[in-house]
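Q: Sequence:
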Amino acid sequence: MNVVFQPSNRTVQVEKGVTILQAARLAGVLIESPCNAVGTCGKCKVKLDQASRSSVRPYGLHHLSPKEEEQGYVLSCEAEVLGDILVEVPSRSHGRELKILSHGQSVEVTPEPYFQKRYEPKDDRTFVFAGDELVGLEQGNTEDQKYGLAVDIGTTTIVVSLVDLGSGQEIAAASALNPQSLHAQDVLSRITFASTKRGLIMMYSELFNELNRLIERVTEKAIVNREHIYEVIFSGNTCMIHLATGKDPAPLGKYPYIPEFTGAVHLSASEHHLGVSPFGLIYVPPVISAYVGADITSGILASQLHQQKRITLFVDIGTNGEMALAVEGKLSATSTAAGPAFEGMNITCGMRAGAGALEFFQIEDDKTITTKTIGDQEPVGICGSGLLDIVGELVAHGVIDKNGRFVKPESTLLPASLKERLQLRDGKRVFQISRQVYLTQKDVRQVQLAKGAIRAGIDLLLRSKGITSDAVDRVLIAGSFGYHLRAKSLIHLGLLPDSFDGKIEFIGNTSKTGAQAFLMNQSLRKEMEKGVTEIEVIELANYSDFEQVFVRSLGF
1 MNVVFQPSNR
11 TVQVEKGVTI
21 LQAARLAGVL
31 IESPCNAVGT
41 CGKCKVKLDQ
51 ASRSSVRPYG
61 LHHLSPKEEE
71 QGYVLSCEAE
81 VLGDILVEVP
91 SRSHGRELKI
101 LSHGQSVEVT
111 PEPYFQKRYE
121 PKDDRTFVFA
131 GDELVGLEQG
141 NTEDQKYGLA
151 VDIGTTTIVV
161 SLVDLGSGQE
171 IAAASALNPQ
181 SLHAQDVLSR
191 ITFASTKRGL
201 IMMYSELFNE
211 LNRLIERVTE
221 KAIVNREHIY
231 EVIFSGNTCM
241 IHLATGKDPA
251 PLGKYPYIPE
261 FTGAVHLSAS
271 EHHLGVSPFG
281 LIYVPPVISA
291 YVGADITSGI
301 LASQLHQQKR
311 ITLFVDIGTN
321 GEMALAVEGK
331 LSATSTAAGP
341 AFEGMNITCG
351 MRAGAGALEF
361 FQIEDDKTIT
371 TKTIGDQEPV
381 GICGSGLLDI
391 VGELVAHGVI
401 DKNGRFVKPE
411 STLLPASLKE
421 RLQLRDGKRV
431 FQISRQVYLT
441 QKDVRQVQLA
451 KGAIRAGIDL
461 LLRSKGITSD
471 AVDRVLIAGS
481 FGYHLRAKSL
491 IHLGLLPDSF
501 DGKIEFIGNT
511 SKTGAQAFLM
521 NQSLRKEMEK
531 GVTEIEVIEL
541 ANYSDFEQVF
551 VRSLGF
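Numbering (the UniProt record's numbering), first residue to last: 1 to 556.
The set of hints was computed from the structure by calculation and includes no laboratory data. Beta carbons: idealized from backbone N, C-alpha and C, even for Gly. Do not take every clue at face value.
What the hints assert, rightly or not - Distance windows between CB atoms, simulated:
hint : residue 1 : residue 2 : range
1    : 441       : 26        : 31 to 41 Å
2    : 171       : 428       : 49 to 59 Å
3    : 445       : 109       : 38 to 48 Å
Unchecked claim - Here are the simulated EDC-like cross-link-like pairs (lysine to aspartate or glutamate), alpha carbons at most 20 Å apart as the crow flies:
hint : residue 1 : residue 2
4    : 428       : 80
5    : 402       : 459
6    : 247       : 260
7    : 488       : 366
8    : 372       : 359
9    : 488       : 359
10   : 488       : 364
11   : 122       : 144
12   : 330       : 539
13   : 408       : 426
14   : 67        : 108
15   : 428       : 401
16   : 526       : 108
17   : 330       : 459
18   : 402       : 547
19   : 221       : 170
20   : 330       : 534
21   : 488       : 547
22   : 45        : 68
23   : 45        : 69
24   : 309       : 539
25   : 309       : 527
26   : 47        : 80
27   : 197       : 144
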């Protein structure tokens, strides 16, 4: 059976019963499927022409409106091929226009990079050293041409920072969507996808293709020869580090959750086909545990969490909620699977942070609504920060009750401006935000599950040290996603307790800024390598009442 994909005009032969998504992967056609074909996100829609519709057995129509079904749309992950078909794949920018944060709180360090250069006039050559080892010779005087890269490999996004190793200054930066997220959005689905040899090769190769593209961008922007980039720091969660080093992530998905790769080592850049100096190295900071990765090690360094004398809570909010607690300089850490809702996935009108994504929502004192979209365009969807704003505001103003249900408009005292937005769509209650953007009851449940997981992690981490939320002095919210959130939304949602009000600081992308600190000072590596061994890892699964704490955390 032949499957033809448009507009690429690629054809592949498949057996009966293969899904359209499977056929697309065989043909090398990219269809975005962030839930990894579980059928929960509804993002892998494709369109069939009239003649092809009878040759496909569709499932998963719960993500399609009657109008979309009439137009010939199916979910590619659940539509089986029964005969020859023509498939139209919607065009997407695949994240090249995303709003991605690259700055964050940083720590001042004394320049002491691992790579050094020394020019010898009599030979007219420059000697390149990695630590104490001579690793290369360059013709002429290239002493002042010495660069490194700090790379934040996030589950959803990648940020590459080009740093002058002489001055410590960032001279160019670039960011993009992590291409792995088009196949599997969250950490658990990424582990599943890459647990086969073919899946791991795809994840690894797509990541490095994107990294090399970003390296080309920053070197062109800064007018730097990529062969003068000598060291690269990889910062990311444990799963991302496994995929970036070609290690099998399968052990991370099953008990006893022991990482195959724990970092604190150098790797050859050329062996990984990274477009830098032929004798360049990749340094991976130490990994804390299977679900608390090198990104948190970098965050601890950037925020100086290990130097804090007060009780400080560090939380990186994302698909994998990682958190660390400092009590008199002693650290403990844990993590919890929040899932992809905060990235706009599994949300009916959800999208990544691109043009037209609703990123700000507020109900004013007169009950009118103020919204803002990325690029100030007509709203076409909801990104993560907008989603938490919407749900937080609707909870605060009584549109959503404490259990997460939309109130019945006829039995409430809601003002008309809010009541009229509670409408029926396909027989189900929704809150209409704009002409084509709305929030469903299912979306609210997804937010509850995500925020409940993080809140349960926070509560149990504090309990492990015998600390109440009132005793916490500072709360540091890290990460690209976290930086775009508002404290009041987090508290309205119950993601953070009321007692954190006035104590919350948004410190940005500390995975990147911590990687920059590692890049600029090799002594910090030994310090953090030792420090990581002293961090107490709290395993939430070991708490017999974890499920009760989680369920309690679901309420608003």
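Q: So, for every hint listed, does it hold in this structure?
A: Outcome of the hint check:
1. 441 x 26: 31 to 41 Å: holds, 37 Å
2. 171 x 428: 49 to 59 Å: Because 52 Å falls inside the window, the suggested range holds.
3. 445 x 109: 38 to 48 Å: holds, 45 Å
4. 428 x 80: violated, 29 Å
5. 402 x 459: holds, 19 Å
6. 247 x 260: holds, 7 Å
7. 488 x 366: Holds: residue 488 and residue 366 sit about 19 Å apart, inside 20 Å.
8. 372 x 359: Since the Cα atoms of residue 372 and residue 359 sit roughly 6 Å apart, the hinted pair holds (cutoff 20 Å).
9. 488 x 359: Distance of about 15 Å is within 20 Å: holds.
10. 488 x 364: Given that 20 Å is the threshold and the Cα spacing comes to 14 Å, the pair holds.
11. 122 x 144: Given pair residue 122, residue 144 holds - Cα atoms ~18 Å apart, limit 20 Å.
12. 330 x 539: holds, 17 Å
13. 408 x 426: The given pair, whose Cα atoms are some 17 Å apart, holds under the 20 Å limit.
14. 67 x 108: violated, 57 Å
15. 428 x 401: Roughly 17 Å between the alpha carbons, so the hint for residue 428 and residue 401 holds.
16. 526 x 108: Distance of about 17 Å is within 20 Å: holds.
17. 330 x 459: holds, 18 Å
18. 402 x 547: holds, 19 Å
19. 221 x 170: holds, 12 Å
20. 330 x 534: The given pair, whose Cα atoms are some 8 Å apart, holds under the 20 Å limit.
21. 488 x 547: Not satisfied, since the Cα-Cα distance of roughly 26 Å exceeds 20 Å.
22. 45 x 68: holds, 10 Å
23. 45 x 69: Satisfied, since the Cα-Cα distance of roughly 11 Å is no more than 20 Å.
24. 309 x 539: Outside the cut-off at roughly 25 Å; violated.
25. 309 x 527: The hint holds at about 18 Å.
26. 47 x 80: At roughly 14 Å apart (the allowed maximum being 20 Å), residue 80 and residue 47 satisfy the hint.
27. 197 x 144: violated, 43 Å
Figure legend: structure checked against the earlier numbered hints; hints not met, in rising order: 4, 14, 21, 24, 27.
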